[in-house]
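First to last, the sequence lines map onto chains R and X. Residue numbering for the first sequence follows numbering that gives the first Met the number 0, starting at 0 and increasing by one per position. Residue numbering for the second sequence follows numbering that gives the first Met the number 0, starting at 0 and increasing by one per position.
Because the hints were derived from the structure by calculation, they are not lab data. Note that this is a predicted model, so its numbers are computed, not measured. Misleading hints may appear alongside valid ones.
Claimed, not checked - Each pair of labels, with its calculated beta carbon distance range:
# : chain 1 : residue 1 : chain 2 : residue 2 : range
1 : X       : E83       : R       : R94       : 22 to 32 Å
2 : X       : E84       : R       : R94       : 37 to 47 Å
3 : R       : I100      : X       : A97       : 32 to 42 Å
4 : X       : E83       : R       : T78       : 40 to 50 Å
By construction, the Cβ of each residue, glycine as well, lies at the ideal position given by its N, Cα and C atoms.
2 protein chains.
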Amino acid sequence: MNKPKYHIFVCTSSRPTGQQKGFCHAKASVELMEAFMEEIEERGLGSEVFVTNTGCLGICEKGPIVIVYPDNVWYGAVTVDDVEEIMEEHIEGGRPLARLIF
Amino acid sequence: MNKPKYHIFVCTSSRPTGQQKGFCHAKASVELMEAFMEEIEERGLGSEVFVTNTGCLGICEKGPIVIVYPDNVWYGAVTVDDVEEIMEEHIEGGRPLARLIF
């Protein structure tokens, strides 16, 4: 298996037990994840950029949370409208978005 | 917020929609996650080592999957019995476990 150059994690508040609750999920994080998947496909980056949903990260008041590894960059209050800019600037340009980092 | 020195992701097969199915979940990945949480607490590493469950990573036949970032190390077929060694060797010792990497 090829390991990803970037791995984007989107909190969708999925509890390990399968229960789903919390702010990120309420704040349309599933649509956020889908937006990342679409952008990755459109840009032909499917083999080097992965996107995975996560369980609660414990900082719900800053959600929806998006983490980009291996950079260890944490974005807060991310909306679907921010996805294109994150992809363009950070993932393709190598410049993390200061305005969304917390 | 302090960012983690290590972030351990454990696939618990949580779908973004809340549905939960797949090999990792069937293979006791929830107990695996709990074992990491206990080890982290016992070693007093709670402020620098995070553990988060994830949705399906798409490589179910190699599950349960554990990823350690920012190292981008992918472990497969991880069991509860491996947790102490991963914590001791990789997280505390800085030496990823070759026998579990795929």
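Hint check results:
Remark: the range hint 22 to 32 Å for E83 of chain X to R94 of chain R is contradicted by a beta-carbon distance near 40 Å. In this structure the supplied range 37 to 47 Å holds for E84 of chain X paired with R94 of chain R, their Cβ-Cβ distance being about 38 Å. Between I100 of chain R and A97 of chain X the C-beta distance comes to about 34 Å, which sits within the given range of 32 to 42 Å. Against the hinted window of 40 to 50 Å, the Cβ-Cβ separation of E83 of chain X and T78 of chain R comes to about 41 Å, which satisfies the hint.
Hint 1 from the list above is the single one not met by this structure.
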